[in-house]
Structure formats: structure tokens, C-alpha cells
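In case you want the letters, here they are:
Protein chains: 2
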Amino acid sequence: MFYSKDRLHTFTCEVFTSCGMPLADAKQAADVLLSADLRGIDSHGVARLSGYVRLFEAGRANMNAQHKVIHETPSTATIDADSGLGLVVAPKAMDLAIEKAKNVGTGWVAIQNSNHFGIAAYHAMKALPHDMIGISMTNASPLVAPTYSKERMLGTNPICMAFPAGSHQPFIVDMATSNAANGKLEIAQRLHKEIPLGWVQTKDGDESVNANELKSGGSLLPLGGHKGYGLGAAVDILSAVLSGANYGPWVPPFVAFLNPLENLPGNGIGHFLGAMRVDAFRPADDFKKHMDQWISRFKESQRVDPNQEVLIPGEPEFRMQLIREKEGIPLNENVEKDLQELAQKLGLNL
Amino acid sequence: MFYSKDRLHTFTCEVFTSCGMPLADAKQAADVLLSADLRGIDSHGVARLSGYVRLFEAGRANMNAQHKVIHETPSTATIDADSGLGLVVAPKAMDLAIEKAKNVGTGWVAIQNSNHFGIAAYHAMKALPHDMIGISMTNASPLVAPTYSKERMLGTNPICMAFPAGSHQPFIVDMATSNAANGKLEIAQRLHKEIPLGWVQTKDGDESVNANELKSGGSLLPLGGHKGYGLGAAVDILSAVLSGANYGPWVPPFVAFLNPLENLPGNGIGHFLGAMRVDAFRPADDFKKHMDQWISRFKESQRVDPNQEVLIPGEPEFRMQLIREKEGIPLNENVEKDLQELAQKLGLNL
Numbered sequence: 010m011f012y013s014k015d016r017l018h019t020f021t022c023e024v025f026t027s028c029g030m031p032l033a034d035a036k037q038a039a040d041v042l043l044s045a046d047l048r049g050i051d052s053h054g055v056a057r058l059s060g061y062v063r064l065f066e067a068g069r070a071n072m073n074a075q076h077k078v079i080h081e082t083p084s085t086a087t088i089d090a091d092s093g094l095g096l097v098v099a100p101k102a103m104d105l106a107i108e109k110a111k112n113v114g115t116g117w118v119a120i121q122n123s124n125h126f127g128i129a130a131y132h133a134m135k136a137l138p139h140d141m142i143g144i145s146m147t148n149a150s151p152l153v154a155p156t157y158s159k160e161r162m163l164g165t166n167p168i169c170m171a172f173p174a175g176s177h178q179p180f181i182v183d184m185a186t187s188n189a190a191n192g193k194l195e196i197a198q199r200l201h202k203e204i205p206l207g208w209v210q211t212k213d214g215d216e217s218v219n220a221n222e223l224k225s226g227g228s229l230l231p232l233g234g235h236k237g238y239g240l241g242a243a244v245d246i247l248s249a250v251l252s253g254a255n256y257g258p259w260v261p262p263f264v265a266f267l268n269p270l271e272n273l274p275g276n277g278i279g280h281f282l283g284a285m286r287v288d289a290f291r292p293a294d295d296f297k298k299h300m301d302q303w304i305s306r307f308k309e310s311q312r313v314d315p316n317q318e319v320l321i322p323g324e325p326e327f328r329m330q331l332i333r334e335k336e337g338i339p340l341n342e343n344v345e346k347d348l349q350e351l352a353q354k355l356g357l358n359l
Numbered sequence: 010m011f012y013s014k015d016r017l018h019t020f021t022c023e024v025f026t027s028c029g030m031p032l033a034d035a036k037q038a039a040d041v042l043l044s045a046d047l048r049g050i051d052s053h054g055v056a057r058l059s060g061y062v063r064l065f066e067a068g069r070a071n072m073n074a075q076h077k078v079i080h081e082t083p084s085t086a087t088i089d090a091d092s093g094l095g096l097v098v099a100p101k102a103m104d105l106a107i108e109k110a111k112n113v114g115t116g117w118v119a120i121q122n123s124n125h126f127g128i129a130a131y132h133a134m135k136a137l138p139h140d141m142i143g144i145s146m147t148n149a150s151p152l153v154a155p156t157y158s159k160e161r162m163l164g165t166n167p168i169c170m171a172f173p174a175g176s177h178q179p180f181i182v183d184m185a186t187s188n189a190a191n192g193k194l195e196i197a198q199r200l201h202k203e204i205p206l207g208w209v210q211t212k213d214g215d216e217s218v219n220a221n222e223l224k225s226g227g228s229l230l231p232l233g234g235h236k237g238y239g240l241g242a243a244v245d246i247l248s249a250v251l252s253g254a255n256y257g258p259w260v261p262p263f264v265a266f267l268n269p270l271e272n273l274p275g276n277g278i279g280h281f282l283g284a285m286r287v288d289a290f291r292p293a294d295d296f297k298k299h300m301d302q303w304i305s306r307f308k309e310s311q312r313v314d315p316n317q318e319v320l321i322p323g324e325p326e327f328r329m330q331l332i333r334e335k336e337g338i339p340l341n342e343n344v345e346k347d348l349q350e351l352a353q354k355l356g357l358n359l
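In order, the protein sequence lines correspond to chains L and Z. Reminder that position 107 of the first sequence reads as 116 in the working numbering, one-by-one numbering, no gaps. Reminder that position 243 of the second sequence reads as 252 in the working numbering, one-by-one numbering, no gaps.
Simulated from the structure, these hints should not be mistaken for laboratory data. Note that this is a predicted model, so its numbers are computed, not measured. One or more hints might be untrue.
Identical chains share a label here; the pair holds if one copy fits it or two copies do between them.
As the list claims (entries may be wrong) - Distance condition first, Cα-Cα at most 30 Å in a straight line; then the derived DSSO-like pairs of lysine-lysine:
no., residue 1, residue 2
1, K346, K101
2, K111, K101
3, K354, K298
4, K297, K77
5, K36, K111
6, K14, K224
7, K308, K77
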């Protein structure tokens, strides 16, 4: 079943406002979720809407949060998100990073006491219209085991970098630091398929191709082995040790049916955002001309299979967005049912 | 055969000064190379010394380079390295980044017209005594194929992030963005061993376990597939498109027997360095206390094999350094022979 972006956006706004969120914040949160659906990142769009509501009902998400800057220099800030949604505070924090970059060349904002911020790409891409490079990352509920460990210690901790181009679409790399994100396991579960070796391990640390392994105490494996562990750990430290949020195994779970641990070392989950003015390094037109040359040359690199073109990071998502803006957003049965139940509970129409 | 750090440092200085490098610069370059040998990164230490000399003899490395700042804001700078060695200019650029961080919270320096800068960790770690987070990356000669391509388009483009801790050693992740660095292939070649699937592909883009595949037109594969391609590409863009250096397939080869391509889009190779003051985000003592807690908790995470401890990024290198400072640096036969030939040619004693 296909839904238009506008219809889902309106519904998402209504859901958030009916939880007490101010309209402007609800629109912002809906923008972030719908950008995921438009770009084809179905796991991070309206499929998560009822999850945010459950966090609110459990008293863990503050829908009327008043974030505040608790530490600041000309190029940095630390924000306390007041237990609000990352969907709302991260775009505001990115605006602050952009403002600082306008003043001194770059701006960097660490955020504590937050909740899930949706897709990392939304926030990093906010830098692009300003001819800035955008960077965003977040920590997340522990699912990934460090190398040589069988314990879930890190989230899939994504990192995104967005670079403006000239005539080409921007270059946007947005990646989890695990080999596979949870969304890919869910797809395999629905299709009753085995998953490739290297995605998960059992609760004893053995290899597994079972897509349901996480349900029996297994863990995700870091991207490419120990390097992914190091990278995911760095995201955790920048997002949380630097901001004053919870880190490692203490990151509060996104699902409301699991309670946070006791004796937490920080507040909520953490994000880290950055904006760098291109013309703080070289004239923006030069940069964009060379980005175009970079992109063209990589597109023309010799293919392994003549029928499979070489893609630029971000390219599949831009193509998907063109299609879905025209044809609408397909919701699978479970997501549609979930949203209908949400509508009924809150007295809304989907 | 074991050599003391001091003996190799003195020899390295003499080699560089005999090529016309000022003594202070030669000491700096030797520091960077010896730090690699001490830390156990044998591929990036004195094993490369004769390679730098050959670049000088080929007229491609300027041993008396006068680097200059060509663009600047309060938190950024772009440096033209005057065709000098990255070994010399990168530490100076890192000093500038640290200076800017002292003033406005963070400092970021892009470098063009440079040559190989040694191990990334040396530069990032310069931030640590200042209670700053250090970041360093560089592009490099093309050996890695983008996803779906069989052409060498990217270097192993390493990225390093260094975080200070309190009572623990600092956390230092220093990683190539390919599955395997060239040094690992060389070890397999020496032992006449097969390499794991996923490290290289043939010139036609087929899977291979042949450690000599690069010699017949094969290519390295990016870390964990398309994510590593995106990450290595981002390092290329930050290091070179942003600084005005060469990028992608145009990066000049480190080996002097291969000539750079014609119609280059930039100057030399590029690096990107950053320093962030911890107390631009939260008090440094708080940060270091929580880094200690982070490290302790990860060390204690449940092991897969009770006899294999969980390691913190950077930990193996700190241990190796303790050993090698006491016992000396072991040079393999080929490296020793190479250095002896270099000594003879330049009229020096190893």
C-alpha cells in the first residue's frame, strides 16, 4: 500500500502533537522521519513512530523538551536535550554548528540527554545548502560485540559525512559501524532466509547464519572486524563520553519494554554533529568543481560487471527519493497495521 | 637483528640531512618513522626510508621545503607543503591545529602538495598532552577498487582518532579503510601463504586468495564492502578535494619507479588533521574519568575465549612500544640490507 509523503507527514505531526509536542517541533520530527522513508531507509521512518510514542508513554521521552546549551566556545557547544527526541534537538544543534561555522570556519556540537535522532544523513545534509560539509553520528542501544567479546557493548553507531558537489548530487556516506544493521536482519526474518556469515554471532561467540540470533542472546559483529569495533567505539566516545551521555552497555534501549540499567554514568543517549565551511579551506566553487570531477571519474571507473554501474555514496537514496516523491511511500503490512493501531488509540485518521 | 631506537634515529637523521634536509626537520621526520617501528607498525618505519630517498632522487620530494599557510579562518587552515615530506609538515600542521583549538575550541588543517606522512597515529597523538582529541587522515597511492569496480581508485586511506584517558593509556584507533593493508600482503608473500577471501580481487574483479594479486593488476577491497568504499572516499575528499591535492586515481604513487599521471587535478598528496579541546565540550577531568570507566568496562566485557582478552584500540601498540624501547627494534633481513645499501651510497654508518 502506497502513502503520499504529505499524508504520512500530517499523520506523524498529529501523533506527536497529541503527545504534547509543540507543532513546530512535531513538524521537524516528521521531516526527519519522512526523509528516511523517502530515501528508502524504511527501518528509520514512520516504522519507528509507535516506538517513539511508547518511549513517551514510559516516561522516557519528553515531548515538550527545552534543550539548553550547557558549555560553549566559538567553535563548539554541548547541549542538554532535556530528555527530548533527537529528531527535534539534532536539527537545532546542527543549526548551531552551522552558525558557528559561519563565524569561525567550523562548528561542532555534542548532545547529551537525548533519544533516537532518526537517520544520521538528515542532520549532516542540513550543512549542504550553506556550502558546508556536514558530519553527524550517534550512539545507540548496545547490540554489537567488541572483537574477542560475546557481550553487546556498542550500538550500530552510525556515522554520516555529507559533501556538496556542483552539477552532481552531493556525496553522502551514511553507514552503521556494524556489518549489518538490525533492519537487514528483520528483512531476512520476514523471508525466513539465512544471513551471510559475519553479520552475527551466537551468545557463546560462535559463527551463525541465523537471522533470529539476537533474540537468543547473540550479538551483531563490527564492520570488517576489529576496525569496525574501533570506529564504532570512537563514535560512542564522541557522542557520549564527550557530551556527558551514557556510553557502551549503559546506553538506554530504544525499545520501551526494556528498562535502562541502574547507576548510569550519563544522561540519555548522545550525538555528535559538525559543520565545516568549504570556503574555510578553499573557494567553494573550486571545491565543487573538483567534487564533480571526483564523482564523474569514479562513475567511469572500470566495472566488474558491465551491467552493474559503479555508484557514488548517496546515489541510491537520491534515486529512491525521486521515485517515492512521485509514487508515494510503500508501507509493509506490519507497519501499516502498527500505524492504524496508533491512529485508533490516539483518535486520529491515518 | 635488533637495533636500538636511538641508533636508528641517528641514522635516519643523517640520511635525511645528507639529502639536504635541515637538521630540525630531519629529527622530526626520524621521530615519525621511529614511532612506527617502536609501535610495531614495521611497514611504516625505517623500512620506508630508502623509498623517501628515491622520491627525493626522482625530484618528487623537496627536502628543504618551506610550507606555507594559503588559506585561514580562526578554526581552519590550508597548507601548501611545497612538495616536502608529510613526515615533516604534518606535525607542524598539527601544531597549528592545536594552536587554533586553544583559541576557539577546535582546529582543522588541510594539507596539499605533500608526500607520505608515515603513521597517522603519530600526528593525532600530538593532541593528547594538551587534553585534546586528535584526528588525522591521508590519501595515498591508488590500490583499492570501489564497490562494483575492478579499477584501483583509492589508497588504503587511513584514519586515526586519539582520545586522552586518565589512568589508562589513551584510546587510539588507527585504521586503513581497506580490509587489509599492503603490509599484510607482504607478510603472506614472504611466508608463501594464501590470504583470506575479501582482501583482494583479480584484475577482472574475481575473488582471490593470492597474496601476489596486486602484481598482476588486481586490487585491494574496501573495509567491509561498500561502507569501506564510502569511508575511504570521504578520507580522499577531506584530504585532497578540500586541500587542493590530487585525489582518486591521480594520487602520485609512493614508489619512485612509477611516474605520476599527466593533467593532475591538484598538487601532491593530501592530509587532513584536527584537534578538539576536550574542555571545549566538558571539563577535561570529567572526560578522562569517564574514558577510564569506558576502558575498564570494555576490558571486562565477556570474552569469547577465556584466554583471549578484549583489547582497547591502541593497546597492542603501547605494549609493543614498552618492549621495543627495552629490547630494541628487530629489522628483517631485507630491511637491514636495504638500510646498509643506503648507508654505503650516502657514505654513512648504520
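The hints, checked one at a time:
Proximity of K346 and K101 under a CA criterion of 30 Å is satisfied in neither setting, with 32 Å inside one chain copy and 60 Å between copies. When the C-alpha separation of K111 and K101 is checked against a cutoff of 30 Å, the pair qualifies both within a copy, at 15 Å, and between copies, at 26 Å. Neither within a single protomer nor between protomers do K354 and K298 lie at most 30 Å apart by alpha-carbon distance, with minima of 52 Å and 45 Å respectively. Taking the shortest Cα distances, K297 and K77 sit within 30 Å of each other only across copies (24 Å), while inside one copy they are farther apart (35 Å).
Taking identical chains as interchangeable, the C-alpha atoms of K36 and K111 lie at most 30 Å apart only when both belong to the same chain, with a minimum of 26 Å there against 39 Å between chains. For the identical chains of this complex, K14 and K224 are neighbours neither inside a copy (33 Å) nor across copies (52 Å), given an alpha-carbon limit of 30 Å. In this assembly of identical chains, the alpha carbons of K308 and K77 never lie at most 30 Å apart, being 44 Å within a copy and 34 Å across copies at closest.
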